[in-house]
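**Student:** For the protein sequence lines, the chains are A and B, in the order given.
For the first sequence, the residue numbers in the working numbering are 870 to 1074.
For the second sequence, the residue numbers in the working numbering are 870 to 1074.
Honestly, I wouldn't trust all of these hints.
In this list, chains with the same sequence are indistinguishable; a pair is considered to hold if it fits within one copy or across any two.
[What the hints assert, rightly or not] 20 Å max Cα-Cα, derived SDA-like pairs, lysine to any residue:
hint, residue 1, residue 2
1, 938, 1034
2, 894, 874
3, 972, 910
For the record, the hints were derived by calculation from the structure and aren't laboratory data.
Number of protein chains: 2
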Amino acid sequence: MKSDPYLRMQEPLLIVISGPSGVGKDTILQQLKKRNVTFHFVVTVASRSARPGEVDGVDYNFVTETEFKRMIEDDELLEYARVYREHKGVPKDQVRQAFSSGKDVIMRLDVQGAARIRQLAPEAVLVFIVAGSEEELIRRLRARRTESPEAIDTRVATARQELQRIGEFDYCLVNPQGNVDAAVDGILAIISAEHARVQQRQVRL
Amino acid sequence: MKSDPYLRMQEPLLIVISGPSGVGKDTILQQLKKRNVTFHFVVTVASRSARPGEVDGVDYNFVTETEFKRMIEDDELLEYARVYREHKGVPKDQVRQAFSSGKDVIMRLDVQGAARIRQLAPEAVLVFIVAGSEEELIRRLRARRTESPEAIDTRVATARQELQRIGEFDYCLVNPQGNVDAAVDGILAIISAEHARVQQRQVRL
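If we strip away everything but chain A, and leave its shape as in the complex, we get (with noise of 0.2 Å):
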């Protein structure tokens, strides 16, 4: 806190919206980003081509495994996990000019990428999505149909395990089927609430 409460500065914020796989995380920042567009969105840095429909520097920043490895060595990633056979990152340099332009930084992570990032700032805002119910998170995994049965089972049993982390966060969020603007709202909320917080969290990175 400031001494004068009528100068309070904003500190920014680093947001991390995570939760199991099959909650809406994309969607949900998708309908963010028309919602606001003074928040950083995070465009993470992926170690394999575009594939058709997606734009280089918007839905990622893709750049060869040599790349990559040389920016794992180089110690320029936040956090960094290999995702099948590709390398998935968040530059640390992309959060420091968004913060040093004064903006909130918004990224989606897995649940073990948004524990590592909770290590490495502990000022950092964690949002954990949930569906609706169980049931509900199979339906949608169902609906994609891009996995096979046993692939889905096996993402239920990870969500069922990453439900148990959730005390390492912040907050918890609904994202009911259907009701994409819930989340969204609840988003907003949080970050306006915390930056009108006595005691602001200041990210040191």
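Please arrange chain B on chain A, whose structure you already have, making use of the hints.
**Tutor:** Then chain B, alone, in the frame of chain A:
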């Protein structure tokens, strides 16, 4: 946190709106009542009769001084203070009843009263309202035309002292002249965010 995040209970909140005299607490509460009727707005007990225009049970619950003293003796008040020649207090029963019906309870208290609530109910959500600047606060107090210049000086000096206690509060909202909606939106965001907290506040009276 309940073991099953799909069945999260929403603990009702105790929200205290406070801040120095003249920052616009009453106006904020009036607008908040128009925007949300699911909260319970505490009706304060006052040891006097209703003035013209005041409605018993709406603006205050009016009681005699004798009745007020009995309420103090019987420990029926969560918080009370002597303001000029009258007593004002918050009846415990009213808050308990609202809680048992699952409603969030909102009350308006001066800075000292808010600090006492913190001791009684550490899990209360304390919101400190400030004017846009000290100049604005002085303009507002003058615009009331109910107080002498000396009385205004006293209130400004008190406001300065009260600002020193902001560290005892959870949130601080600026209520700039002419835009009460910003503070009302801020309070609604704080309430939404608090309900989304993984570690919910459980108020025990």
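**Student:** Taking the hints in turn, state whether each one holds.
**Tutor:** To see whether the hints hold, each was checked on the structure:
no.: 1; hint: 938 - 1034; verdict: neither (29 Å within a copy, 51 Å between copies)
no.: 2; hint: 894 - 874; verdict: between (36 Å within a copy, 17 Å between copies)
no.: 3; hint: 972 - 910; verdict: within (10 Å within a copy, 36 Å between copies)
Comparing the model with each earlier hint shows a violation of hint 1 alone; every other hint is respected.
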